[in-house]
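Read top to bottom, the protein sequences are chains S and A.
With the first letter of the first sequence counted as 1, position 297 gets the number 297 in the working numbering; the numbers rise by one all the way through.
If you count the second sequence from 1, you need to add 1000 to reach the working numbering.
Please note that a few of the clues may not be correct.
What the hints assert, rightly or not - With a straight-line Cα cutoff of 25 Å, these simulated SDA-like cross-link-like pairs (lysine to any residue) come out:
1. Lys-1312(A) to Leu-710(S)
2. Lys-205(S) to Leu-1450(A)
3. Lys-205(S) to Gly-244(S)
4. Lys-205(S) to Ile-672(S)
5. Lys-1312(A) to Ile-1432(A)
6. Lys-58(S) to Leu-35(S)
7. Lys-58(S) to Leu-178(S)
8. Lys-206(S) to Tyr-195(S)
9. Lys-205(S) to Lys-58(S)
10. Lys-206(S) to Gln-258(S)
11. Lys-1312(A) to Gly-182(S)
12. Lys-205(S) to Ala-689(S)
13. Lys-1312(A) to Arg-713(S)
14. Lys-206(S) to Thr-239(S)
15. Lys-1312(A) to Leu-711(S)
16. Lys-1312(A) to Ser-1164(A)
17. Lys-1312(A) to Thr-704(S)
18. Lys-1312(A) to Gly-1380(A)
19. Lys-1312(A) to Ser-725(S)
20. Lys-58(S) to Leu-263(S)
21. Lys-1312(A) to Lys-666(S)
22. Lys-666(S) to Gly-182(S)
23. Lys-1312(A) to Lys-58(S)
24. Lys-1312(A) to Asp-702(S)
25. Lys-1312(A) to Ala-714(S)
Because the hints were derived from the structure by calculation, they are not lab data.
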Amino acid sequence: MTTLFPMLAVSAEGATGLPDWPIAAPAAGFGWAGLILWLPLLSLLGCGLCWLSGTRSKLPAWITVVSLGLAFVTTAVLFTRVDAPIIIHLFDWLVLDWRSEAGEAGGFTANFSLYVDRLTLLWMLFVTGLGTLIALYASEYMAGDRGRGYARFFAGVSVFLFAMSCLVMGDNLVLLYLGWEGVGFASYWLIGYFYTRPSAVAAAKKAFIVNRIGDLGLALGLYLVWSTFGTVEYQGLFTALRNGAAGEALLHGGWSVQAIPFLLMLGAFGKSAQLPLYVWLPDAMEGPTPVSALIHAATMVTAGVYLLARLFPLLTLHPAALPAVAWIGGLTALLAATIGMAQYDIKRIMAYSTVSQLGYMFLGIGVGTTFGAAYHVFTHAFFKAVLFLTCGAVMHGFAGQLDLRRLSGLRHMPGWRITSYTMLVGCLCLAGFPLTSGFFSKDAIIAEAFSHGGTGAAMLGWLALVVAGLTAYYTFRVWFRVCAGPAHYEMGDEHHGDDAAHGAGAGHAGGHPGGHPGGHAGGHAGGHAGDAGHGGGHGGGHGSHPHAPGIAINLVLLVITACALLAAIPYFLPSGVEGVAGGWVAGMVAGSSAAAGLPASGGAHGTFLGLDPHTAMYVVSAAVGLVGIAVAWRLHLADRAAADRLRGRLLGNPALRWLPVAMERKWYVDEIYDALIRQPLWVLGHVLASIDRIVIDLLLVDCTARLPRLLARAFQPLYGGLLQSYALFMAGGVALVALLVLFMPELIAKLGTILGGGG
Amino acid sequence: MADRLLLLLPELVLFAGAVLVAVAGLSPRREIRRALPGITAGFLLVAMAAVAFVHSGERAAVAAVLTPMPALTGWVRLATCGIAALLSLLTVGTIDRRLEADVQAGRLDFNPLMAGRGEFHAFFLLSIIGLLLCTSATDLIWLFVALELTSLPTYVMVAMSRPSRRAQEAAMKYFFLGALSAAIFLYGFALLYGATGTLIFSEMSAAFAAQRAGDGIPLVANVGLVLAIVGIGYKIAAVPMHFYAADVYEGAAAPVTAFLGYVPKAAGAVAMLIVLGAVGWEGGLPEPVLTTLWMSAVLTMTLGNIGALLQKSVKRMLAYSSIAHSGYLLIGIIAGPGLGITAVILYLVAYGVMNTGAFAVLASLERRGREIEDVEDLAGLRHRHPALAVALALCAGSLLGFPPLLGFVGKLYLFIAGVEAGQVLLVVIGAINSAISAWYYLILVGVPILGAPTARSETVDAVPSRWPRVAAVLAAVLVVLLPIVAARLAPRIDAGTAVRAAPDPASAAAARR
């Protein structure tokens, strides 16, 4: 298989000598940590009750914020108390015990237990922390839907937090799978929140169905792990792996063992929106923006990274596994970045940027720096949350307007200053501006790609560098267009307050009719601040003026922005583990199973043009980022007409005409999938349906179904309602039984052996 | 003696309750008469506490010695008191409805001679006492008296349940056919006495053991057992004693039908287990008994289900389905000690709850002052009474055995018990029947929830009293919640199902005392 990736010198030595990492042992007295799981459930219950009562207060939001806040506090306390990895047993869940015919002992254990090590805590800290903050943000953002929709929204958020905690904290793969499906369900629930809008329903279905493909891979992978290693509990699994079970399994196993890393990968690529399964994530932006920020940018989509980091030792089961992860990640990063450059809907740009950044994380795992991947997850969670939440504030304030051609100079408008500058910070982090958190985490990955050694890894490094430049360009394209420049806007066509308008019974009928304006709708009509809304005539008495974000949104924006900036600090904190460079986050990872994916200290053998990559990258990537920003400044702020001229020139050039169009149309991936998968399935579905209708329904079902009814008709005359006849039938029945017993013992014995079995 | 009296504490409590409500029902004060169902429920809850008290701590060991099957005595009595308390909520406002309305409107002076409510609730409690006594029967006479104490009040209850000719007709049919069945099983008891020379189960079981060790069980004993089983089959509406069920269930008012669906059926199942316990499942039931039970089970399930298919009347549909459920119960009875008896007990509880829930919905609805009849009356119930529609859907789903509802757990245990006992074919037939039953149960799920209201169903309204609705919702909640408890309870019930094969001299002596 290595021949498939001749360019990439594979670090197959990992398979033979996995480094030591601490394996958790059960610990007593930590039962309270279960609160991290139970609090979101309580909040779900509270929101459910609010839904039932149909309250129009903000109670569901406060219930959720308080529960999630407490969950965060619990996580923080757990963080301070836990040093060595521990397992916290909550209760027995699936404990099966069987003995095969040969007397061989067998069993299957998957308890409701928590596996708490540094990797778990790292993930849980930002999951619960960001969860709390974004729930607070949503309390204002969703205020227009107060009523049942509001409770439904927060119930979904609670379900998500519960499932995500199961996924990250579970001590076995079954609990992880429960959480995996749970977050998928919560995601479906929340993407389809505006369920009267066909595009939202379609997006929810798309997310769910595309994820099914990945989940199938994960489920098969779990089965193979169990059948190979005989356990799904991390403790047993890691112990076996450390004792060299992998090598043994490979000797005996063959393809079923070698398939494990690829199946797990498929699961991770589905959930984390990588090639070829990334198509659901951009559409998932149909959900309310806090959901996009929490689930589809900061937390859920990093589950795939978590899975691969957690099970990193399993990735060494096949030599091509890590290169595959790296290449998929790198190519996804490039593809998504090129699509993001040509979109007009700012939320959609952020969505593609998320796909692209997730690609970086997989690239990091693939080149053997789980620390870089985890650190990028950590920083990305904060700055992408900021970017989404600012996009949300814009969408909220301008009645759904997200087209960057129709918004400008936000920072000059009253009340929008915080939004503009927090967005600037988010953009700087995403673009990898020097000394921001994104700068360090991205560098850790790119540098490691170069120092990993091998032509393939170096190619990936160059690829990542190019993508860094593209990222800087499209990020600042958004900011220069929307926040800088002359103040000017057009309102969107979205209404708030569906529930208020229609009453609890009517639900959402008629709410949010327009949806996105569609990135390439064309037309630049509009006025200047102050009179634009009247000209537009949209908004139905509500949205003709933008309304600036209120206290909750601004507060959350400031706090998360601060977090995004402070996320650079861990890079300089000591790791606390000897021999591990890369600061606090690296130390976090070093205490877990992902430590197997850390670069060996001093083992850097690749170079960047003859320089030490880690040192050189600070300068090089900073330069690349600044070039990207400069290009964006030239095209989208200094001379906006230049962008149109460039586009016109490209369109006028017959050799390059296809390029901008293809980028805008997302490289036609949706269309290709439609033609290759959806259409054939559609035809097949219709063929099967007609077989079902004719053969099964008509011939088999209807005939079978008629039989009992015919029988029933045959017996009906027996029940005439006449007392005497009933008595006669009963007495006759008794007589028949008695006669059978008295006179036909042989027959009965025969019948008994035929019918009675062992009775 | 004192031990025995302590064991009967719940029955004594209920007896005091029966006397009290019989007298209180004659009171000229309306509030007292209105409180009768509440008083009944109160006594039932006290009796429930008494059961728990009698079977807890060291008293449990004493109770275990005194009864043939401790699990029956404990769990069935406990469950019965609970379900009966639920049933008593259904009866609120049913009995003497017209009379009470007239008295309240001043059209009539209250006349104790015309009042039936006190009597009704006294009979209600007496019938429950009969069922409770069945569970601890140690000899044939006790069992017979207890069975009749269960049944006789129900004949009267059917007659007075509603002022209509159909109720009277149903009561007459029920009474006469009941007498016929009593004659049959009494004849069976007599033959059993003739074959073993004793009336006491523990001694009878020793006699059977001796006969098994010797020439085998004589024909007289086999005929006696078969007649006893078939006769008791009347209580659970098993083929061929099922003919009355549809007419009687339809004729009685819904609360009484719910009562008939649980109390006599539980008594019959318990009595069958006790009688079969005397001959013992070890070494297999005698061939004729097994064959009788087997064929009865198959026919009961099948005839019950296909009978229900064609019904338009909801009550008649549930009546036939009740026959089918007796067929499932027989699987557990055939399977015997261990899982079989556990399954029977669990299924009785499950059936009691979900059947009560379904009838509670019917009891909560009326059309122009009369009970609803047709399935069509339920169309679009969700729009006006969402709680009732959901409760009905949950109960019907549970009756169908839809996982993870209570009925599914009950049926699962029965089927597992059947497979463990080697009755694979029987279980397969049971599963097929379960599938057939989906036809009509899904109507009860679909019509209220998905159906659009029709002109006819628009005229259906809730009865003035809220208690039947409360009972329906409570039953629906139990249908959802009990499965969680059931899994934990099953092993504990299991521990008490062992039948004493050989007579224990101490207990035999205790039983005689």
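Quick rundown of the hints versus the structure:
Simply put, Lys-1312(A) and Leu-710(S) have alpha-carbon atoms about 16 Å apart, close enough for the 25 Å limit, and the pair holds. With a C-alpha separation of about 24 Å, the suggested pair Lys-205(S) and Leu-1450(A) falls inside the 25 Å cut-off, and the hint holds. Only pairs whose Cα atoms come within 25 Å are accepted, and Lys-205(S) paired with Gly-244(S) is rejected, the gap being roughly 43 Å. Between the alpha carbons of Lys-205(S) and Ile-672(S) the distance comes to roughly 18 Å, so the proposed pair stays at or under 25 Å and holds.
Under the criterion of a C-alpha separation no larger than 25 Å, the hint pairing Lys-1312(A) with Ile-1432(A) is consistent with the structure, at around 22 Å. A threshold of 25 Å between alpha carbons decides the hint, and for Lys-58(S) with Leu-35(S) the separation of about 24 Å falls inside it, so the pair holds. At roughly 30 Å between alpha-carbon atoms, Lys-58(S) and Leu-178(S) are farther apart than 25 Å, so this suggested pair is violated. This hinted pair checks out: Lys-206(S) and Tyr-195(S) have alpha carbons roughly 14 Å apart, not beyond 25 Å.
A hinted pair counts as satisfied when its Cα atoms are at most 25 Å apart, and Lys-205(S) with Lys-58(S) does not qualify at roughly 29 Å. Pair hint Lys-206(S) plus Gln-258(S) does not hold up; C-alpha atoms about 30 Å apart against a cutoff of 25 Å. Pair hint Lys-1312(A) plus Gly-182(S) does not hold up; C-alpha atoms about 42 Å apart against a cutoff of 25 Å. Of the pairs offered as hints, the one joining Lys-205(S) and Ala-689(S) holds, with about 21 Å between alpha carbons and a cut-off of 25 Å not exceeded.
The suggested pairing of Lys-1312(A) with Arg-713(S) holds, with an alpha-carbon distance near 14 Å, which does not exceed 25 Å. This hinted pair does not check out: Lys-206(S) and Thr-239(S) have alpha carbons roughly 39 Å apart, beyond 25 Å. Pair hint Lys-1312(A) plus Leu-711(S) holds up; C-alpha atoms about 17 Å apart against a cutoff of 25 Å. Taking the CA atoms of Lys-1312(A) and Ser-1164(A), the gap is about 20 Å. The hint holds against a cut of 25 Å.
For the suggested pair Lys-1312(A) and Thr-704(S), the alpha carbons sit about 21 Å apart, so the restraint of at most 25 Å is met. The hinted pair formed by Lys-1312(A) and Gly-1380(A) meets the criterion: a straight-line CA distance of about 17 Å does not exceed 25 Å. A distance of roughly 23 Å separates the Cα atoms of Lys-1312(A) and Ser-725(S); the hinted pair therefore holds under the 25 Å criterion. This hinted pair does not check out: Lys-58(S) and Leu-263(S) have alpha carbons roughly 43 Å apart, beyond 25 Å.
Our distance criterion of 25 Å between C-alpha atoms is broken by Lys-1312(A) and Lys-666(S), whose separation comes to about 58 Å. Taking the CA atoms of Lys-666(S) and Gly-182(S), the gap is about 30 Å. The hint is violated against a cut of 25 Å. Pair hint Lys-1312(A) plus Lys-58(S) does not hold up; C-alpha atoms about 48 Å apart against a cutoff of 25 Å. Proximity of Lys-1312(A) to Asp-702(S) is assessed by CA-CA distance (about 20 Å); at most 25 Å being required, the pair is judged to hold.
Taking the CA atoms of Lys-1312(A) and Ala-714(S), the gap is near 17 Å; set against the 25 Å cutoff, the hint holds.
The structure shown violates the earlier hints numbered 3, 7, 9, 10, 11, 14, 20, 21, 22, 23.
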